[in-house]
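Protein chains: 4
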Amino acid sequence: MHTSEMIHTNPTPSPIPPDRLAACIEACFDCAQACEACADACLGEPETTPLLRCIRLNRDCADICATTGRVLSRLLHHEMGVFKAQLEACQLACEVCAAECAEHAEMHEHCRVCAEACRRCANECRDLLTGPGIGMPSIQHTPPADWHHINRED
Amino acid sequence: MHTSEMIHTNPTPSPIPPDRLAACIEACFDCAQACEACADACLGEPETTPLLRCIRLNRDCADICATTGRVLSRLLHHEMGVFKAQLEACQLACEVCAAECAEHAEMHEHCRVCAEACRRCANECRDLLTGPGIGMPSIQHTPPADWHHINRED
Amino acid sequence: MHTSEMIHTNPTPSPIPPDRLAACIEACFDCAQACEACADACLGEPETTPLLRCIRLNRDCADICATTGRVLSRLLHHEMGVFKAQLEACQLACEVCAAECAEHAEMHEHCRVCAEACRRCANECRDLLTGPGIGMPSIQHTPPADWHHINRED
Amino acid sequence: MHTSEMIHTNPTPSPIPPDRLAACIEACFDCAQACEACADACLGEPETTPLLRCIRLNRDCADICATTGRVLSRLLHHEMGVFKAQLEACQLACEVCAAECAEHAEMHEHCRVCAEACRRCANECRDLLTGPGIGMPSIQHTPPADWHHINRED
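Protein chains in written order, with numbering that gives the first Met the number 0: chain A, 0 to 153; chain B, 0 to 153; chain C, 0 to 153; chain D, 0 to 153.
Any given hint could turn out to be false.
[Unchecked claim] Some, not all, of what chain C presents toward chain B, calculated at C-beta under 10 Å:
| hint | residue |
| --- | --- |
| 1 | Ile6 |
| 2 | Glu105 |
| 3 | Glu115 |
Just so you know, the hints here were simulated from the structure itself, not pulled from any lab data. For every residue, glycine included, the Cβ atom is placed at its ideal position computed from N, Cα and C.
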């Protein structure tokens with residue numbers, strides 16, 4: 000992707016370290032694609048009933064990541080409160096979707112790959128929310144119970 | 000719009016009173032359209048410099064409202080935390096955009112109309128967040144200083 | 000929706016009669032919502048297998064209508080070729096989805112309502128493509144075989 | 000991005016060679032990001048008036064590419080006509096935006112980078128439309144006059 004180049008050629012300076020911002024934007028677009036594809040893959044499985052919650056969360060996560068990636072791509076007159084609130088929604092959507100996909104990871108490879116994309120995006124959002132330029136987030140979402148376990152498997 | 004009919008014909012019952020949910024979904028799509036159109040109208044004004052912040056907030060608000068309208072349109076296996084976080088981001092984006100548009104309302108009719116669409120959407124989001132089915136929101140965004148004043152003008 | 004007001008307050012004149020443009024934009028947003036909701040409703044039915052094609056087409060149609068509604072909402076420096084190509088994609092997506100939903104209309108009320116929203120949007124797109132301001136479309140998509148039949152039932 | 004992995008783990012086989020499909024999907028998401036960022040960068044320049052057409056085309060192109068990337072990410076029950084019509088709209092939007100950005104490439108680095116992302120995406124769309132799995136497109140959009148010249152500079 001051309002994300003870094005676009006940030007560095009923008010006349011408006013980034014309020015966040017450019018490499019961290021680029022990593023988060025790219026993780027958002029990657030996760031949007033993976034979630035869209037995972038919902039489609041789930042629908043093509045012989046047994047869709049156990050995957051219905053996964054499909055639903057995939058679709059929310061795809062929409063939320065796509066919007067977050069766009070909002071983060073704009074530097075001019077950024078509004079820190081909106082930035083943060085959207086990042087928080089994105090982090091949570093990714094965490095919840097990662098946890099659900101992880102439940103099906105042994106059975107379905109697409110869920111394993113999608114969980115990976117979701118976790119990376121959740122991590123990038125958290126890094127932005129807690130790192131330089133934004134500071135501590137106003138709310139701390141409690142990650143799903145198996146979250147740290149999932150992370151350790153990486 | 001066919002929103003109410005779609006909710007009432009969905010086999011999954013709405014976790015939120017259907018008329019309140021339909022009102023919020025329609026306000027989201029309406030606000031997405033108004034913000035998209037307001038950004039375009041601002042770009043067509045002879046003097047765009049004083050409108051740059053308005054354009055930026057319009058674009059964020061359009062994206063966030065469109066995503067929120069989609070997430071709210073899904074009833075199956077809804078995840079209340081994601082619902083709430085996205086509604087909170089949407090309420091804030093609408094409040095901030097309404098306040099900015101209101102600054103230009105006397106000069107530009109499109110900003111006046113757009114501020115109206117933003118306020119309605121912010122109000123619908125707040126009603127869902129504080130009403131039956133969701134309960135009190137986890138965070139209380141402080142509305143912009145002139146917010147109540149704007150509301151009183153309605 | 001505030002669509003008409005937004006068109007009339009835009010400093011850039013519409014290349015298309017404003018009431019026809021507003022009707023098409025609103026049909027796009029309505030159809031995007033209905034398709035999103037219909038996909039969700041289908042996923043909540045006891046038997047999803049016969050609805051898989053419907054779900055897929057709903058999701059394409061929702062995305063395409065949402066984008067078309069946004070593109071049409073912009074008047075400044077509109078590019079007629081892009082306008083037309085996106086309208087053609089939208090008309091076709093709506094026709095195909097309307098025909099599929101109509102297949103399930105007797106069994107599922109949400110498919111009946113969604114088919115109605117799709118047909119209206121397809122009709123509005125065709126009216127723009129063939130009406131004043133755009134003229135005859137460059138390609139004539141052949142509507143699905145049962146299309147006129149469906150229309151006659153309205 | 001995880002695009003290739005998602006295609007290869009999908010139980011539904013791709014109607015298009017997977018590496019070509021993945022390249023096109025990634026080009027769509029990349030172009031959506033670059034166009035969003037270029038519109039923002041243009042708005043931050045001291046002189047925005049000569050960039051208004053660029054901003055407008057950037058925004059259309061961002062929306063159309065994002066939708067095309069999503070539609071292409073779905074393999075189950077794909078509808079070739081909708082696929083093609085959306086790809087054609089995407090190719091055209093990218094060509095037109097590439098040509099406009101190229102006009103400003105010497106003055107603004109972000110326009111140079113964005114033109115590159117647009118051209119790559121236009122090329123990937125054309126390759127899909129004319130390659131195995133889809134065949135010849137139903138319409139041949141005439142690229143802007145300076146298109147081949149731009150391409151030769153690569």
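Evaluation of the provided hints:
Proximity of Ile6(C) to chain B holds as hinted, the smallest CB-CB distance being about 7 Å (cut-off 10 Å). Interface hint status for Glu105(C): violated, as the beta-carbon distance to the closest one in chain B is roughly 13 Å, over 10 Å. Annotation: interface hint on Glu115(C) holds; nearest CB of chain B at approximately 7 Å, less than 10 Å.
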